[in-house]
Structure formats: structure tokens, C-alpha cells
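S.K.: Protein sequences, first through last, are from chains A and B.
For the first sequence, position 116 matches number 116 in the numbering used here, and the numbering has no gaps at all.
Offset between the second sequence (1-based) and the numbering used here: plus 207.
Think of the hints as simulated: they come from the structure by calculation, not from any bench.
Note that the coordinates shown come from a computational prediction; the quantities given were computed from them, not determined experimentally.
There could be a bad hint or two in this list.
Straight-line C-alpha distance at most 20 Å; calculated EDC-like pairs for lysine to aspartate or glutamate [claimed, not checked]:
hint: 1; chain 1: B; residue 1: Lys-269; chain 2: B; residue 2: Asp-374
hint: 2; chain 1: A; residue 1: Lys-156; chain 2: A; residue 2: Glu-184
hint: 3; chain 1: B; residue 1: Lys-297; chain 2: A; residue 2: Asp-10
hint: 4; chain 1: A; residue 1: Lys-159; chain 2: A; residue 2: Asp-103
hint: 5; chain 1: A; residue 1: Lys-159; chain 2: B; residue 2: Asp-374
hint: 6; chain 1: B; residue 1: Lys-297; chain 2: A; residue 2: Glu-6
hint: 7; chain 1: A; residue 1: Lys-159; chain 2: B; residue 2: Asp-425
hint: 8; chain 1: B; residue 1: Lys-209; chain 2: B; residue 2: Asp-374
hint: 9; chain 1: A; residue 1: Lys-55; chain 2: A; residue 2: Glu-80
hint: 10; chain 1: A; residue 1: Lys-29; chain 2: B; residue 2: Asp-395
hint: 11; chain 1: A; residue 1: Lys-29; chain 2: B; residue 2: Glu-339
hint: 12; chain 1: B; residue 1: Lys-297; chain 2: A; residue 2: Glu-174
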Amino acid sequence: MSNLFEFPEDREASSAAKVRALEALLIEKGVLGSDSVDAVLKHFETMAGPFNGAKIVAHAWVDPAYKQRLLDDTPKAIAELSLPLGMAGAEGEHMAAVANSSDVHNLIICTLCSCYPWPVLGLPPYWYKDPVFRARGVREPRAVLQEFGVTVPPTKQVKVWDSSAQIRWFVIPEQPANTGHLSEAELATLVTPESMMGVALVAAPAV
Amino acid sequence: MKLAHHLGGIENLGPVSTDTRVFAEPWEQRIFGIHTVMMAESAHLANARHAYPVSTLPTTFKNDWTWASLRTGAEDMNPFEYFKYRYYEKWLGGISQFFVDQGYITADELAQKTAHFRAHPDAALPEQPNPELSRQVDAYLLNGDSGYHEAHAAPRFAAGAEVWVADPQAVDHTRLPGYLRNRRGVVDCVYGGTFAYFVSTGVDGIGTPMPVYRIAFDAADIWGPGKSEPNTTIYADLFEAYLQPVADQPNNERTEP
Numbered sequence: 001m002s003n004l005f006e007f008p009e010d011r012e013a014s015s016a017a018k019v020r021a022l023e024a025l026l027i028e029k030g031v032l033g034s035d036s037v038d039a040v041l042k043h044f045e046t047m048a049g050p051f052n053g054a055k056i057v058a059h060a061w062v063d064p065a066y067k068q069r070l071l072d073d074t075p076k077a078i079a080e081l082s083l084p085l086g087m088a089g090a091e092g093e094h095m096a097a098v099a100n101s102s103d104v105h106n107l108i109i110c111t112l113c114s115c116y117p118w119p120v121l122g123l124p125p126y127w128y129k130d131p132v133f134r135a136r137g138v139r140e141p142r143a144v145l146q147e148f149g150v151t152v153p154p155t156k157q158v159k160v161w162d163s164s165a166q167i168r169w170f171v172i173p174e175q176p177a178n179t180g181h182l183s184e185a186e187l188a189t190l191v192t193p194e195s196m197m198g199v200a201l202v203a204a205p206a207v
Numbered sequence: 208m209k210l211a212h213h214l215g216g217i218e219n220l221g222p223v224s225t226d227t228r229v230f231a232e233p234w235e236q237r238i239f240g241i242h243t244v245m246m247a248e249s250a251h252l253a254n255a256r257h258a259y260p261v262s263t264l265p266t267t268f269k270n271d272w273t274w275a276s277l278r279t280g281a282e283d284m285n286p287f288e289y290f291k292y293r294y295y296e297k298w299l300g301g302i303s304q305f306f307v308d309q310g311y312i313t314a315d316e317l318a319q320k321t322a323h324f325r326a327h328p329d330a331a332l333p334e335q336p337n338p339e340l341s342r343q344v345d346a347y348l349l350n351g352d353s354g355y356h357e358a359h360a361a362p363r364f365a366a367g368a369e370v371w372v373a374d375p376q377a378v379d380h381t382r383l384p385g386y387l388r389n390r391r392g393v394v395d396c397v398y399g400g401t402f403a404y405f406v407s408t409g410v411d412g413i414g415t416p417m418p419v420y421r422i423a424f425d426a427a428d429i430w431g432p433g434k435s436e437p438n439t440t441i442y443a444d445l446f447e448a449y450l451q452p453v454a455d456q457p458n459n460e461r462t463e464p
């Protein structure tokens with residue numbers, strides 16, 4: 001979409017200067033400390049991120065009873081695992097998981113803004129925040145998924161979850177075939193943020 | 208009609224972005240961080256479900272700043288600009304304007320300081336740490352800001368009930384996706400408890416604690432059978448104010464999406 005518009009040549013440099021100016025002024029005025037923004041960013045490097053979601057999904061794959069508990073009461077099941085503090089923290093106060101299967105493909109969307117389950121997935125990627133995805137995902141999810149390289153046959157049910165109130169959704173993707181020999185930790189390395197939002201399938205490791 | 212209220216369902220926009228980056232440029236991290244610090248020191252947190260000691264924080268920030276603030280700003284945008292600007296460009300515009308409008312900074316000093324950093328991109332920020340605020344940032348991120356409240360009355364609708372989505376007057380801010388207005392769906396789940404929203408949206412209807420429902424819609428009932436993909440269900444979490452009994456629907460005719 002944005003290729004329809006003209007932007008100044010110094011688009012990024014001027015935004016970079018403006019945000020630095022804003023941060024500097026807010027520090028001078030006592031609204032922020034010089035360490036405040038870094039405190040936020042550090043949280044998303046060490047505490048909240050897709051590394052947590054990948055561990056949850058891998059555990060659900062190796063333990064079907066856990067997977068059922070995760071679907072039945074997502075916060076409680078997440079609390080069973082050894083994950084960083086804050087799994088019910090900001091933008092994860094009320095999370096819920098849905099599972100892909102041979103019959104159902106799930107797609108998570110936020111048509112009104114960009115609601116995203118921070119503790120388990122970190123911050124939303126650009127495709128998720130993009131207005132074109134948000135416009136089209138609810139009307140033609142299969143066409144959108146095809147553009148991401150995921151083919152969902154008409155016989156398979158597509159469930160689209162529009163996050164507009166308290167729940168932050170994520171997907172338990174299907175475990176790829178021929179990965180039963182992998183350890184839980186090895187499986188976790190295969191799980192991408194896109195697969196936990198429903199726009200990608202999890203691929204087996206290349207051999 | 209506001210674009211952001213009615214984004215879901217717009218046609219002819221071309222291919223989706225498949226950009227998996229969280230930040231397109233390093234500067235975007237800073238505006239994300241500024242916004243999140245503002246949420247962590249927002250005055251409303253003194254009375255949140257998980258109450259925070261924001262009234263005694265060493266900060267000059269005295270406003271409420273929540274997702275509702277950022278969303279209301281985005282909903283107020285010119286539709287062409289909404290498509291033109293990248294996600295964090297919108298944040299930078301909205302948040303800068305907020306600080307000017309509220310008198311924390313002036314437009315002139317922001318312009319002068321921006322020119323300074325444009326000429327000296329590597330010039331240092333002032334060194335003025337605020338450890339107490341950093342601890343509050345951590346506490347907020349770890350504990351969040353749930354709108355949950357105990358229920359004091361039975362929810363109006365039960366699982367399995369057919370409901371009709373209300374069409375309240377559109378004001379500055381809503382959590383009702385426009386494409387669901389006047390559509391019929393089925394209650395898939397009644398969430399336990401009640402949920403407040405950060406602000407009152409006035410005649411739109413949310414703010415005070417109320418039940419929230421997960422409503423299932425057949426895509427064909429929303430877009431029309433000829434305009435929807437087969438075998439597709441859309442689920443939306445809707446506050447009770449946005450739902451009506453089907454018996455109250457004035458007629459069964461549906462407007463074209």
C-alpha cells in the first residue's frame with residue numbers, strides 16, 4: 001500500500017531525530033529517566049518473547065494431556081512450565097490457545113488495532129500490524145494465507161479469531177511429520193511466531 | 208465513519224505484507240519504549256486491579272495513558288495517512304502531539320531539538336536515570352493491567368444463544384469491529400467475571416465492568432454467501448453492551464456489507 005504514497009528522502013533520518021528529541025525532552029522534563037526506555041526493551045529480550053511460546057507449543061506436542069490442559073485453561077497450563085516471570089503480565093493478562101488439526105486451521109487477527117499476546121510471543125511483527133492484513137484476513141483468510149505460502153483446502157474449516165476485548169489468542173500449530181525423534185528443546189527451535197499466529201505451518205528441519 | 212473502525216473487510220487493497228520484522232528501523236524501538244513507559248506510569252494505575260504506587264513515583268507525568276489513548280488517536284487519523292504511515296510512524300506522530308497538547312513540551316522545542324539531533328545524530332541523551340521508575344516499568348510489565356472484576360449479576364446471554372450485534376452511534380473510540388454491526392452470531396462462550404475498559408466510550412457503551420462473550424459468526428452471514436470463502440467461522444470477543452437479543456432486531460433484513 002505505502003508504495004502509492006510519496007515520502008521525503010530523509011524519512012527515516014527525520015523520524016530518528018524526532019524520536020531522539022522527544023526522548024531527550026521527556027528526560028529533561030522528568031517524564032522519563034534515561035534508563036526507562038531501555039528497561040522496556042530489555043524485558044522483550046529476556047522475559048517476554050516468542051521463545052516462551054515455542055517452549056509451550058513443544059511441550060504440548062510431546063504431552064497430549066498437557067495440550068488438552070493448555071486448551072482448557074491456558075493461563076493455568078502456562079503456569080505449570082518453568083518460564084520467566086510475567087506470563088500473566090502486560091498484554092497477557094487473559095490469554096487463550098487454539099489448536100490446529102487435520103480439520104481446522106486457526107488464524108489470529110486484530111482488525112481494530114494490533115492486540116498480541118506479549119508474554120508468549122513478544123511484540124507483533126509488521127505483517128500483523130499492517131492494515132492490509134487486518135482488512136483482508138477476516139474477509140478472505142484463505143487467499144491471505146496463500147500469500148503467506150499456506151494452502152488451506154476448502155474442506156478444512158478456517159477459524160479466524162478477532163482480538164477485540166480482553167483475550168489475547170495464540171495458535172498451537174501442528175507438529176510436522178517425521179519429528180517424533182526430536183527432543184522437546186529441538187522441537188521448540190522449529191516453532192516460529194508466524195506459526196503461532198496461524199500464517200505459517202511448522203516445517204521439519206532440513207536434512 | 209472512521210476507517211479504523213471499519214478496516215476489517217475492506218477490499219481491493221492488494222497483497223499483504225509478509226514482513227516478519229518487529230521494528231523496521233532502530234528508531235522505532237525508542238517510540239515503542241516511550242509509549243510503554245507512559246503506560247507503566249499512567250495515573251489510572253493507582254486504582255487498577257493490580258494497584259501500583261504511581262501517585263508517589265518520582266515522575267512529572269500525571270496523565271492517564273492507556274491503549275485507549277493510542278487507539279483513539281489512530282481512529283482519529285485521516286484514512287489516507289493511516290495507510291501511508293508505517294505503524295510506529297503513527298505512534299511517533301500521535302505521542303509527540305499528545306505531549307505538546309498537554310503542555311509537557313512545546314512544538315518549538317521539539318522542532319529545535321529534532322534539528323539538533325538531525326545535525327548530530329550521535330549526540331548523547333541527557334544522563335538522568337530514574338531507578339524507581341525502571342522498577343515500576345518492570346512491575347507493570349510483569350503484572351499487567353487487567354480489566355477483570357467479579358460478576359455481581361448473571362450475564363444477559365447464555366452459551367448457544369443467538370444474538371444480534373448492536374449498531375451504537377460511532378464516536379471517538381470503540382472496541383466493536385465495524386463489519387460485525389447488525390450481524391447475527393451465536394454465543395460460543397460466556398467469559399467468567401466482568402471486564403472494564405480503560406475509558407468510557409460514551410454512547411458506544413463500554414467502560415464499566417460488564418460480561419464479555421465470544422461470539423461465533425458464519426463468514427457467509429457477514430459477507431454474503433457469494434462473497435465469502437467456504438467453511439469459515441469468525442470469532443470475536445464482544446462486550447455485553449454490543450449485543451442485543453435477536454427478538455429486538457427491528458427487521459430481519461440485512462444491509463449489504
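S.K.: Within a Cα-Cα threshold of 20 Å, do Lys-209(B) and Asp-374(B) meet the stated pairing?
M.R.: Holds - the C-alpha atoms of Asp-374(B) and Lys-209(B) are around 14 Å apart, at most 20 Å.
S.K.: Hint check: Lys-159(A) vs Asp-103(A), CA-CA at most 20 Å. Holds or violated?
M.R.: Holds, because 11 Å separates the two Cα atoms, which is no more than 20 Å.
S.K.: Between the alpha carbons of Lys-29(A) and Glu-339(B), is the straight-line distance 20 Å or under?
M.R.: holds (16 Å)
S.K.: Please verify whether Lys-159(A) and Asp-374(B) have alpha carbons no more than 20 Å apart.
M.R.: The hint is violated at about 24 Å.
S.K.: Within a Cα-Cα threshold of 20 Å, do Lys-297(B) and Glu-6(A) meet the stated pairing?
M.R.: Within the cut-off at roughly 16 Å; holds.
S.K.: Against the 20 Å threshold, does the CA-CA distance of Lys-297(B) and Glu-174(A) hold or violate the hint?
M.R.: Given pair Lys-297(B), Glu-174(A) is violated - Cα atoms ~36 Å apart, limit 20 Å.
S.K.: Quickly compare the C-alpha distance for Lys-159(A) and Asp-425(B) to 20 Å and report which way the hint goes.
M.R.: Given that 20 Å is the threshold and the Cα spacing comes to 10 Å, the pair holds.
S.K.: Verify the proposed pairing of Lys-156(A) with Glu-184(A), using a straight-line Cα cut of 20 Å.
M.R.: violated (28 Å)
S.K.: Is Lys-29(A) close enough to Asp-395(B), meaning Cα to Cα at most 20 Å?
M.R.: violated (49 Å)
S.K.: Do the alpha carbons of Lys-297(B) and Asp-10(A) lie within 20 Å of each other, as the hint requires?
M.R.: Given that 20 Å is the threshold and the Cα spacing comes to 17 Å, the pair holds.
S.K.: Given the proposed pairing of Lys-55(A) with Glu-80(A), does the C-alpha separation stay at or below 20 Å?
M.R.: holds (12 Å)
S.K.: Going straight from one Cα to the other, do Lys-269(B) and Asp-374(B) come out at no more than 20 Å?
M.R.: violated (35 Å)
Going through the hint list in order, the structure does not satisfy hints 1, 2, 5, 10 and 12.
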